[in-house]
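> Take a look at the letters that make up each chain.
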Amino acid sequence: MDLSVRVGTLTLKNPVIAASGCFGYGVEYADIVDLSSLGAVAVKGLFLAEREGHPPPRIVETPAGMLNAIGLQGIGVHRFVEDKLPELRARGATVIVNVCGTTLDEYVEVSRILSDADGVAAIELNISCPNIKEGGIQFGCSLNGTFDVVSAVRKVTRLPVIPKLTPNVTDVASFARSAEDAGADAVSLVNTFLAMVIDVETRRPKISNVVGGLSGPAIRPIAVRMVYECRQAVKIPIIGMGGIADARDALEFMIAGATAVQVGTANFVDPFIWTKLLDGIREYMQRHAVANVSDLTGTVDTHAGDKEWISS
Amino acid sequence: MPVDVAAEVIANRPLSSDYNVLALSAPEIAATALPGQFVMIKASARADPLLRRPFSIFEIARDGRGTPTAITVLSKRIGPSTSAIYDAAVGQRMACLGPLGRPFSVVDPPSEAWMIAGGVGLAPFATLTESLRARGVTTTLFYGARRARELFYLDFFRAHGVNLVLTTEDGSAGEKGRVVAPLDRALGSRSAGAPVMLYACGPEGMLAATARTAMKYSRTCQVSVERIMGCGLGGCYSCVVPMRSESGGFHHVRSCIAGPVLAADQIVWKG
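The listed protein sequences correspond, in order, to chains A and B. Okay, so the first sequence: first residue is 33 according to the numbering used here, each after it adds one. Okay, so the second sequence: first residue is 334 according to the numbering used here, each after it adds one.
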């Protein structure tokens with residue numbers, strides 16, 4: 033049984049990745065999770081400099097989900113390379129670094145620094161954070177902006193470049209195409225859905241940033257649809273995410289078209305979820321006689337309808 | 334190292350229409366928990382409510398031979414998860430992750446220990462009391478609540494030889510008003526050479542006032558802060574507290590791993 037998958041030039045030992053923003057810098061979990069057992073660890077988004085993020089409250093629970101506006105608090109790329117990367121390397125983690133920028137130059141500079149560091153497997157370009165005004169989303173919500181930032185980073189690194197796409201656009205597949213045209217090795221999707229929760233007693237928003245990003249099981253069917261649409265639009269691999277809480281959810285994304293998946297919010301609920309996900313995927317492969325997990329990608333059967341549509 | 338236990342509810346004792354004490358069978362957690370540490374409890378196995386909730390470990394239960402078998406949490410019903418905890422049935426299981434966070438630093442004699450609790454902020458002080466009393470530390474609890482019937486576990490603290498100073502907002506027990514008033518007087522009348530460590534847990538306003546009072550008399554104060562927490566392990570960055578930085582500004586620290594016990598004079602308090 034082969035769980036390995038290829039994302040561009042990168043081979044992952046399995047398709048399960050800890051999602052950026054939901055797993056700290058990975059080292060926080062090193063005592064309770066064997067980091068080397070994960071397909072990869074996508075660490076929290078990094079700018080050039082340290083950032084303090086938004087004031088609390090930063091999260092609020094929603095029906096089968098949560099809203100967050102952390103504001104990309106982070107230690108900056110230099111401290112990450114000095115303080116965190118050596119431990120991640122020692123633990124055998126496959127590290128995907130989520131790269132942020134307020135300008136195109138900052139994306140390029142952070143990516144260049146990471147390319148020179150020892151132990152980075154890939155760059156995930158965060159052009160989709162809904163929670164900060166300056167940068168990121170301004171690239172991710174414009175086809176030209178997406179093309180420009182991916183092309184610019186492409187020029188300065190040999191690492192796989194994986195732009196992370198926002199669902200807060202009319203046609204996410206066209207953004208996947210822009211990324212592919214600009215030389216992206218893969219795309220990851222979806223980031224969170226821009227949303228809002230108001231306390232009706234006080235008439236105040238429940239998080240300090242007023243609006244935030246919705247994640248968790250509540251968004252899963254929309255995210256699956258978006259992965260499916262992108263699969264029709266591009267040839268490069270897709271890393272799918274959005275509300276994955278168990279192995280069946282992960283498999284659903286793969287069948288919709290994802291080569292690998294990321295798990296975020298569910299790690300908050302169960303930090304020991306990783307072995308359960310991998311066991312569940314293996315069990316499914318055995319039951320369905322699937323030798324290579326990558327054979328599942330994009331195998332959704334949308335033509336079964338005429339004979340047996342929803343007959344069960 | 335924290336463990337996740339599918340903990341069986343072995344007792345659920347309502348203290349009022351909102352407060353309850355839930356006992357969970359979790360020997361692995363009970364065996365290593367230190368005063369001030371917390372657990373993350375998933376009250377419902379379903380996806381809604383989705384997240385776990387943080388609770389201070391209230392008591393450690395032991396069997397006849399003294400082996401830790403269970404923990405209790407003191408909960409106040411304010412939302413879906415705490416409602417599920419209030420209504421929990423004996424025999425039901427709840428995922429319980431812990432022990433988590435940095436514990437209190439426990440003093441030794443000749444220092445005295447003064448604990449300042451507001452409402453559900455009583456939670457970390459039962460285990461702290463046991464540690465302090467085992468070391469022979471003279472211990473006082475300043476305990477404030479809205480009304481007399483929301484002052485809980487007084488017999489427990491009396492039985493452990495803790496001096497009690499009680500306040501209620503409606504005056505139905507102890508002194509009428511807020512708990513920081515008698516604390517201020519007691520600190521004012523204590524000689525500067527007599528050491529005392531302050532431990533505080535409760536609503537944010539009470540903690541800020543306690544921190545100011547402690548600083549006024551140059552006393553060290555450890556506070557256990559309560560924040561909206563997503564994971565309890567440092568992954569989500571939701572539970573941050575602004576702490577003074579060397580540059581004179583502030584730095585957001587994650588109260589789940591840097592706390593929940595923090596130095597009161599290092600926190601940038603509002604107002």
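There's no promise every hint is true.
Stated by the list, open to error - Now the stretches of chain A that chain B is said to cover, found in silico as 3 or more residues with beta-carbon under 8 Å:
1. 55–67
2. 96–105
3. 138–151
4. 182–196
Unchecked claim - In silico SDA-like cross-links for lysine to any residue, where the CA-CA straight-line distance does not exceed 25 Å:
5. A:K267 to A:A205
6. B:K549 to B:I590
7. A:K267 to A:S240
8. B:K409 to A:R235
9. A:K238 to B:G567
10. A:K238 to B:A481
11. A:K238 to B:W602
12. B:K409 to B:T471
13. A:K238 to B:A380
14. B:K603 to A:M33
15. A:K308 to B:A378
16. A:K238 to B:P360
17. B:K603 to A:V229
18. A:K308 to B:F583
19. A:K238 to B:E341
20. A:K238 to B:D351
21. B:K603 to A:D302
22. B:K603 to A:I287
23. A:K308 to B:G538
24. A:K238 to B:M576
25. B:K549 to B:T471
26. B:K409 to A:E233
27. B:K603 to A:Q170
28. A:K238 to B:M334
29. A:K238 to B:V586
30. B:K409 to A:P89
31. A:K238 to B:V601
32. B:K603 to A:K308
33. A:K308 to B:M576
34. B:K409 to A:G85
35. A:K308 to B:V586
36. A:K308 to B:A541
37. A:K308 to B:K409
38. A:K187 to A:T202
39. A:K238 to B:K549
40. A:K238 to B:A506
In short, the hints are calculated from the structure, not lab data. This structure is a prediction, so every number in the text was calculated from the model and none was measured. Note that beta-carbon positions come from the ideal geometry of N, C-alpha and C, so glycine has one too.
> Going straight from one Cα to the other, do A:K308 and B:G538 come out at no more than 25 Å?
violated (42 Å)
> Regarding the pair A:K308 and B:A541, is the alpha-carbon distance no greater than 25 Å?
Distance ~43 Å between A:K308 and B:A541 Cα, so the pair is violated.
> Is A:K267 close enough to A:S240, meaning Cα to Cα at most 25 Å?
violated (40 Å)
> Sort out whether B:V586 lies within 25 Å of A:K308, counting only the CA atoms.
Since the Cα atoms of A:K308 and B:V586 sit roughly 31 Å apart, the hinted pair is violated (cutoff 25 Å).
> For a C-alpha distance cap of 25 Å, please report whether B:K549 and B:I590 respect it.
Since the Cα atoms of B:K549 and B:I590 sit roughly 28 Å apart, the hinted pair is violated (cutoff 25 Å).
> With a cut-off of 25 Å on the C-alpha distance, tell me whether A:K308 and B:K409 pass.
Roughly 33 Å between the alpha carbons, so the hint for A:K308 and B:K409 is violated.
> Just to be careful, I want the Cα atoms of B:K549 and B:T471 compared with a cutoff of 25 Å; is the pair within it?
Roughly 22 Å between the alpha carbons, so the hint for B:K549 and B:T471 holds.
> Just to be careful, I want the Cα atoms of A:K238 and B:D351 compared with a cutoff of 25 Å; is the pair within it?
It holds: about 23 Å lies between the C-alpha atoms, which stays within 25 Å.
> For A:K238 and B:V586, compute the direct alpha-carbon distance and say whether it is at most 25 Å.
Between A:K238 and B:V586 the Cα gap is close to 21 Å, so the pair holds against 25 Å.
> Between the alpha carbons of B:K409 and A:P89, is the straight-line distance 25 Å or under?
OK: B:K409 and A:P89 at ~20 Å, within 25 Å.
> Per the coverage rule (Cβ-Cβ under 8 Å, at least three residues), is the region 96–105 of chain A covered by chain B?
holds (count 6)
> Would you check the hint for B:K603 and A:K308, treating anything up to 25 Å between C-alpha atoms as holding?
violated (43 Å)
In this structure, the hints that do not hold are numbers 3, 4, 6, 7, 10, 12, 14, 16, 18, 19, 21, 22, 23, 27, 28, 32, 33, 34, 35, 36, 37, 38, 39 and 40, in rising order.
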